[in-house]
Amino acid sequence: MHPVIALAGNPNVGKTTLFNALSGQNLRTANYPGVTVARHAGLWSLPQGEAQVVDLPGSYSLAPHSPDEALVTQFLKGEAGPRPDAILAIIDASNPERNFYFLSQLMDLGLPVVVALNMVDVAKAKGLAVDAAALQASLGVPVLPIQASQRLGLEALAQAMQAALSAPRPAQGPGLPVDGPAAAEPDVIRKRYAWSRQHLLDALTRSPAGPQRLGDRVDRVLTHKVWGSLALLLVMGMVFQSIYAWSQPLMEGMEGLVSWLGGQLLSPLPPGLLKDLLADGVVAGVGGVVVFVPQIAVLFLFIALLEDCGYMARSAFLMDRLFAKIGLSGRSFIPLLSSFACAVPGILATRTIADRKERLTAMLVAPLMSCSARLPVYTIMIAAFVPATRYYGIVDLRALTLLGFYGLGLAVALPVAWLLRKRLQGGAAPLFLIELPGYKWPDPRTVARRVWEQAGEFVAQAGSIILAVTVIVWALGAFPRSPALAADFGAQRTAVEGSRLAPEAQAQRLRQLERDEKAAVLQQSWLGRMGQAVEPVFAPLGWDWRISMAAIASFPAREVVIGVLGTIFSSEEADDAESAHLRQTLQSVQREDGSPLFNLAVALSLMVFFALCAQCAATLAVIARESGHWGWAAFTFAYMTALAWLGAAATYQLASWLGWAA
Amino acid sequence: VSAQDWVVGLIVLGAAVLVLRKLKRSWQGEDKGCDKCGD
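Going down the list, the protein sequences come from chains A and B. Using my numbering, you'd call the opening residue of the first sequence number 1 and step up by one each time. Using my numbering, you'd call the opening residue of the second sequence number 1 and step up by one each time.
I should point out that these hints are in silico values taken from the structure, not numbers from a laboratory. Warning: the hint list may mix true and false statements.
As the list claims (entries may be wrong) - Straight-line Cα separation of at most 25 Å, SDA-like style, residue types lysine to any residue; simulated pairs: (1) B:K22 <-> A:W630; (2) B:K24 <-> A:G628; (3) B:K24 <-> A:A634; (4) B:K24 <-> A:R625.
Being a predicted model, the structure only gives us computed values, none of them experimental.
Please construct the entire structure, taking both the sequences and the accompanying hints into account.
Below, the structure written as structure tokens:
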């Protein structure tokens with residue numbers, strides 16, 4: 001049985017960075033408060049053996065206000081299992097006064113405490129010097145300066161913790177109540193602050209106030225209600241312009257690679273069912289999805305850079321004004337921001353919201369944010385059907401469309417949240433306090449790890465659920481086989497082969513016959529029959545049965561739709577296998593009457609549908625778990641599907657009226 | 001039924017099992033989505 005050490009401190013002081021450094025794990029970190037909302041355990045090698053170290057969410061006090069803070073209090077008091085054997089309290093050396101309030105409570109819990117003074121480098125840059133030795137003498141517990149991001153000072157920390165565990169001695173705090181109404185008495189709070197000041201008096205030296213710091217000057221612009229909002233728009237515009245511009249050549253490279261690999265895989269195989277499965281199910285389906293890896297990587301590169309430099313917290317601050325109008329606070333914006341990567345961690349991040357109704361509202365609108373799974377749907381449709389126009393030589397219409405679709409999620413989320421708040425009878429917007437983290441250069445390791453993990457996750461998704469769904473869709477589209485149909489096409493083939501056509505014309509006719517046969521098989525397959533049954537439902541959206549089935553099959557995850565479209569339309573591929581990319585295929589697919597199936601109006605309607613729909617099983621499950629009721633997941637699915645259908649139908653009808661359906 | 005058909009049948013069966021397992025994991029709340037923040 002390993003001794004248990006609780007890692008506790010205020011939000012955004014580097015607890016998870018230290019936890020990763022101590023335990024060798026790779027939990028997500030970011031430069032804004034509220035990233036960790038659950039506890040995680042890992043093993044820390046101490047000089048005389050291993051200890052279990054538990055990373056807790058950040059908290060300002062032991063009187064919890066939100067579900068994530070309640071978890072900290074329960075764990076430290078032993079209400080959620082055995083009490084920890086010691087506390088490793090992390091203090092942000094660049095802001096010790098504020099951190100000491102929570103430390104005073106931790107030291108009143110009757111457990112051994114070791115203090116890690118993190119971010120000493122940031123403190124130094126701010127003109128602050130904290131004398132660790134003086135603090136240690138004053139507090140009576142070990143105090144060690146560290147730099148968790150650089151892994152500096154960790155050996156001394158391990159030795160101090162070993163000593164604290166070998167000869168446990170409870171820390172002596174101010175001896176004030178830590179819970180119940182008594183802990184919230186103004187007199188108790190005043191005494192805690194007085195205790196903090198008393199201990200910091202001799203240990204803290206501040207350089208004489210110099211000129212205003214660069215970060216403060218930058219903040220005057222970035223948090224300004226006009227300039228800040230303009231800056232936010234500009235940053236987002238640049239991000240999407242770059243995603244489009246940078247990932248285009250990379251994507252083309254990936255397409256070439258996938259075509260080549262597909263050729264290598266398929267050429268040695270004899271014709272038959274297995275070759276059909278690999279060509280139409282695996283290569284056309286999964287291959288079509290894998291080409292988006294560079295875009296996902298570029299998107300997460302920007303998310304990681306913006307998170308790590310400290311800008312994300314500023315955007316939450318800016319949004320508070322807008323959110324207050326709909327009864328939410330800027331606190332709700334952080335989970336929504338997280339949801340631009342993936343709604344699952346976004347919904348978990350709502351644990352930082354104290355008000356239950358506000359939390360529920362944020363949870364129910366989080367899936368409306370355009371997560372990374374929508375990016376492949378947007379980009380393929382935009383690349384195939386939105387003209388590559390440039391305005392003023394720099395603003396790209398395609399990038400602008402992409403930005404528009406990311407904005408659409410937020411624009412729809414605001415009225416939905418307002419309605420939900422009204423229906424749930426939530427009160428006025430709660431007061432929002434956020435500690436703006438200092439600006440810093442993004443840590444290349446943190447950024448690289450985030451990009452690598454997310455790209456890997458996307459590839460893993462393509463290799464598992466997308467592969468599985470495309471294989472099933474292929475099987476549903478290939479069976480049952482009709483002997484009469486096979487005999488009919490067999491006879492036509494024999495007739496062409498025996499004809500006096502020139503060899504080239506004969507080969508072309510045979511290829512056409514092969515495509516016609518695949519289309520006929522698909523038409524009368526199980527997939528075709530199901531599709532034709534649901535087709536009328538999706539007809540107002542401009543979709544035929546094939547697009548409808550692709551959208552339905554993507555229930556497990558949105559990105560599946562690309563794989564399924566690849567599989568369904570594999571029979572329509574261009575003659576030249578080298579150029580048979582999904583993009584070109586979609587441009588050439590026809591309806592039964594010979595008109596093009598996809599056009600700008602259909603592409604926009606499909607994108608609007610995927611921007612607003614709830615095609616993600618994991619998201620619905622996490623809503624059910626976090627809200628405590630399956631009814632909320634069912635409600636989310638119902639309202640989002642209705643919104644998606646209505647939005648897509650309105651888009652298609654409007655676009656057709658504008659003449660974009662030609 | 002040829003050996004190739006058997007292989008295809010097994011692959012399709014495997015795919016169906018995988019999708020059902022994924023949905024079951026989601027249903028039971030074990031699916032952490034695409035990030036490392038789950039508890």
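Structure-based check of all given hints:
A distance of roughly 18 Å separates the Cα atoms of B:K22 and A:W630; the hinted pair therefore holds under the 25 Å criterion. In summary, the hint linking B:K24 to A:G628 is supported, as the alpha carbons are separated by about 18 Å, within the 25 Å threshold. At roughly 16 Å between alpha-carbon atoms, B:K24 and A:A634 fall within 25 Å of each other, so this suggested pair holds. In summary, the hint linking B:K24 to A:R625 is supported, as the alpha carbons are separated by about 14 Å, within the 25 Å threshold.
Of the numbered hints listed earlier, not one is contradicted by the structure.
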